[in-house]
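Participant: If you read the protein sequences in the order shown, they are chains A and B.
Going left to right, the first sequence walks through residues 1 to 377 as our numbering numbers them.
Going left to right, the second sequence walks through residues 1001 to 1091 as our numbering numbers them.
Honestly, the hints are just simulated from the structure, not real lab data.
Possibly wrong hints are sitting among the right ones.
[Said to hold, decoys possible] Straight-line Cα separation of at most 27 Å, DSSO-like style, residue types lysine-lysine; simulated pairs:
no., chain 1, residue 1, chain 2, residue 2
1, A, K128, A, K273
2, A, K231, A, K273
3, A, K128, A, K142
4, B, K1066, A, K144
5, B, K1085, B, K1035
6, B, K1071, B, K1085
7, B, K1066, B, K1085
8, A, K142, B, K1066
9, A, K243, B, K1071
10, B, K1066, A, K243
11, B, K1085, A, K144
12, B, K1066, A, K213
13, B, K1066, B, K1035
14, A, K51, A, K364
15, B, K1062, A, K234
16, A, K231, A, K243
17, B, K1071, A, K234
18, B, K1062, A, K51
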Amino acid sequence: MMLSNPLAVIAEITHRCPLHCVYCSNPTQLASVDSELSTSEWNDVFQQCGKLGMLHAHFTGGEPLARRDLVELVSAARGAGLYTNLITAGIGLTEMRLQALVDAGLDHIQISFQDSHEDVANWIAGAKAHAHKIELSHAIRKHKIAFTVNLVVHRQNLDHLDEMIGFIEQLSPDRVEIAHTQYYGWALANRAALMPTPAQVERAVAIVAETEKRLAGRMRIDSVVPDYYAKFPKACMGGWGRKLMLINPSGKVLPCHAAEVLSGMSFENVREKNLCWIWQDSPSFRRFRGEDWMPEPCRGCERRSEDFGGCRCQAFLLAGDATATDPACSLAPAHEAVTAAIHAASFQVGATIPTASSFVQLQKANQNFWRYRTNPE
Amino acid sequence: MPPPSDTSTPCLAAGCRWGGTERDRVILYPEGAIKLQGTGRQVLERCDGRRTFGEIIQELQKEFGKTDPDKIRADISMFLEQLHKRRIVDY
């Protein structure tokens, strides 16, 4: 089989973040500030990405704006021929800095909202960020760049999904992402509080379908289904080492956001190896490529070339074995782990939104309900 | 959403631009890219926000003299309508 080029790089340029979202996709073991790649190291990485034939660079974190050299980094990626996307909560983005990013060649900006109600949004984020994001959305629309609003949905906000969509429409983005929480990192630690009920999921699917139809031609809707409720697993990242490379703040190269949890595996670092070799030949990127590693029932399944056996991290986290069929699959021997989690979540007692004046107070008031994402050392 | 009219001026939507190499030109857009060859490329290269849809049709009808002009019009109109739906082209 001919190996094709990776399509995009996910540049996790820092794990520092002023928000503390309870479903953050970062690993619970965050990369330290001291270990972050320098401006020139990133510059070199983007050059390699361009030469590898990649098309997109997604700047994410943590909060990418926490890097003072963000404008230079965007300019470096753009200079390497990449389409640049900034995934941000907007804290630290003034109109002047936005202008500088646009001048540096920023193509697309993506802001995530936690809710349409300010108090709920700030409770989920563990920070007073909501009002600023609204202001920023208006500032973004003054520029000729693409604008996406991302909405992460879960048990605590799904009951008013229609309201949240109405709220987003007023911000007039080009594109809306409605993403069910995926249970890795912080979200897995908080799964009991975030897992939706079957009724919520069913209603959400209907609302998303109706919205797509209604907004066709005005806004593009992309939705991520909750894989615990799916019959078959997702083709995680389009398959292991098939489309994407993620580079973490300290230069470690991963096939996905969560792969560091896979104990026994080691991943290469851009400080030691070049990206082309990592993509083509490194043991970590080759580990779950193709079908040789697959267990039954994947090995004989006609869907194996569509979903590639699902997610390796989920298999490890829920079945204790990275080479197992993704337990999200209804055919998986370990599927019980998923149905049990759904079942357990239906007995969770609801939360009361506490009024707290500081993050420490908020953390304390919620300590039995969920864990807020903290910051790296 | 209606198809483009003769006086509309199609252009790439905000955040969509050309990329790739001269041989393999692509339109880059949020979270994706479309490889454009042949007629698709010829159409989009003319969607510069200055030419009207009517002018683009005329140019391409000349280019493809042997093909039924009405079919050329219908095909291009549908092509742009699809890209409009995906928020890649505005008109």
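Participant: Hints first: check each against the structure and report whether it holds.
Facilitator: Right, here's what the structure says about each hint:
Restraint check for K128/A and K273/A: not satisfied, since their Cα atoms lie roughly 41 Å apart, outside the 27 Å limit. Restraint check for K231/A and K273/A: not satisfied, since their Cα atoms lie roughly 39 Å apart, outside the 27 Å limit. About 24 Å separates the Cα atoms of K128/A and K142/A, which keeps this hinted pair within 27 Å; it holds. At most 27 Å may separate the alpha-carbon atoms for a hinted pair to count; K1066/B and K144/A exceed this at roughly 39 Å.
Distance restraint check for K1085/B and K1035/B: the Cα-Cα separation of roughly 18 Å lies within the 27 Å cut-off, and the hinted pair is therefore satisfied. Proximity of K1071/B to K1085/B is assessed by CA-CA distance (about 21 Å); at most 27 Å being required, the pair is judged to hold. Our distance criterion of 27 Å between C-alpha atoms is broken by K1066/B and K1085/B, whose separation comes to about 30 Å. For a cut-off of 27 Å, the pair hint linking K142/A to K1066/B is broken: about 45 Å separates their Cα positions.
A threshold of 27 Å between alpha carbons decides the hint, and for K243/A with K1071/B the separation of about 38 Å lies outside it, so the pair is violated. The straight-line distance between the Cα atoms of K1066/B and K243/A is roughly 41 Å, outside the 27 Å bound, and the hint therefore fails. A C-alpha spacing of about 18 Å is found between K1085/B and K144/A, which places the hinted pair at or below 27 Å, so the restraint holds. In summary, the hint linking K1066/B to K213/A is not supported, as the alpha carbons are separated by about 39 Å, beyond the 27 Å threshold.
Distance check on the hinted pair: K1066/B and K1035/B sit about 26 Å apart at the alpha-carbon level, within 27 Å; holds. For the given pair, K51/A sits about 49 Å from K364/A by alpha-carbon distance, which is inconsistent with the 27 Å threshold. Restraint check: the Cα-Cα separation between K1062/B and K234/A comes to about 47 Å, which exceeds 27 Å; the hinted pair is violated. This hinted pair checks out: K231/A and K243/A have alpha carbons roughly 24 Å apart, not beyond 27 Å.
With a C-alpha separation of about 40 Å, the suggested pair K1071/B and K234/A falls outside the 27 Å cut-off, and the hint is violated. The suggested pairing of K1062/B with K51/A is violated, with an alpha-carbon distance near 39 Å, which exceeds 27 Å.
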